Amino acid sequence: MIDQIIEVSDLSPIALSELQKQLLRLGYYKGSVDGIFGKQTGQAFAEWKEDNYLKDHTLIGPDSWAKLKGQSGQVTAIDWQDFNCKISKYFSVREVTNADRRRIPQRDDIRSNVLLLAKELDKIRDDWGSAIGVTSWYRPEPINRAVGGARNSQHITGRAADIYPVQGNIFEFQKWLDARWDKALGYGAKKGFCHVDLRTGKIRWNY
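Going by the numbering used here, the residue at position 144 of the sequence shown is 144; the numbering climbs one at a time, nothing skipped.
If you're looking for bench data, these hints aren't it; they were derived computationally from the structure.
These figures come from a predicted structure and were not determined experimentally.
Watch out, some of these pointers could steer you wrong.
Lysine-lysine pairs mimicking BS3-like chemistry, simulated, CA-CA at most 30 Å apart [stated by the list, open to error]:
(1) K21 - K123
(2) K190 - K30
(3) K119 - K39
(4) K89 - K175
(5) K175 - K86
(6) K67 - K39
(7) K202 - K183
(8) K89 - K55
(9) K119 - K175
(10) K202 - K39
(11) K202 - K119
(12) K119 - K69
(13) K119 - K30
(14) K119 - K183
(15) K86 - K183
(16) K123 - K67
(17) K183 - K89
(18) K55 - K191
(19) K89 - K69
(20) K30 - K69
Use the sequences and the hints to build the structure in full.
So, in structure tokens, the structure goes:
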């Protein structure tokens, strides 16, 4: 379908629809497959190229197109039964589940949410400059009830994690997160964690 190197924004509607479909399959794109180039399509493609160590994030050619179509979906490529299996640059199934097999996500939509959050946590880890620990990530409803979580907790969908700096002061970490995190943040430093989730906007609350 693509026989030359061109800007992604210059693809035909048919080619753009196929690109969106492939990026959706791999968990990078969450919009409509409509063949219309927009910010979300451009960002998804750029993230895919960055994750695959490919340069020129706005360009697509025969090689990158073949690689994109040939890749297995991230959701199915991960062995969720293996606690040591990496789900992102820094995080593994172990962090997602607290090494508890009852917490292994079974649904693809929840697994996709986990992978989206993992990418954001990787960015936090890179920017902070040292290891980030996780006290709680995915919690199925029975476990969420057992630990006293909110009925509509984002942990139930895999879109939230309670994190802390392995090195450094957690109150300084919380202040640092507050300044850079443009999504939901719960101030839990007094209890040993900072809650982050994927809801957009500077939602803030105390534990």
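Against the structure, the hints:
{"no.": "1", "hint": "K21 - K123", "result": "holds (25 Å)"}
{"no.": "2", "hint": "K190 - K30", "result": "violated (35 Å)"}
{"no.": "3", "hint": "K119 - K39", "result": "holds (18 Å)"}
{"no.": "4", "hint": "K89 - K175", "result": "holds (24 Å)"}
{"no.": "5", "hint": "K175 - K86", "result": "holds (29 Å)"}
{"no.": "6", "hint": "K67 - K39", "result": "holds (22 Å)"}
{"no.": "7", "hint": "K202 - K183", "result": "holds (5 Å)"}
{"no.": "8", "hint": "K89 - K55", "result": "holds (18 Å)"}
{"no.": "9", "hint": "K119 - K175", "result": "holds (21 Å)"}
{"no.": "10", "hint": "K202 - K39", "result": "holds (21 Å)"}
{"no.": "11", "hint": "K202 - K119", "result": "holds (19 Å)"}
{"no.": "12", "hint": "K119 - K69", "result": "holds (21 Å)"}
{"no.": "13", "hint": "K119 - K30", "result": "holds (14 Å)"}
{"no.": "14", "hint": "K119 - K183", "result": "holds (14 Å)"}
{"no.": "15", "hint": "K86 - K183", "result": "holds (24 Å)"}
{"no.": "16", "hint": "K123 - K67", "result": "holds (24 Å)"}
{"no.": "17", "hint": "K183 - K89", "result": "holds (21 Å)"}
{"no.": "18", "hint": "K55 - K191", "result": "violated (42 Å)"}
{"no.": "19", "hint": "K89 - K69", "result": "holds (22 Å)"}
{"no.": "20", "hint": "K30 - K69", "result": "holds (17 Å)"}
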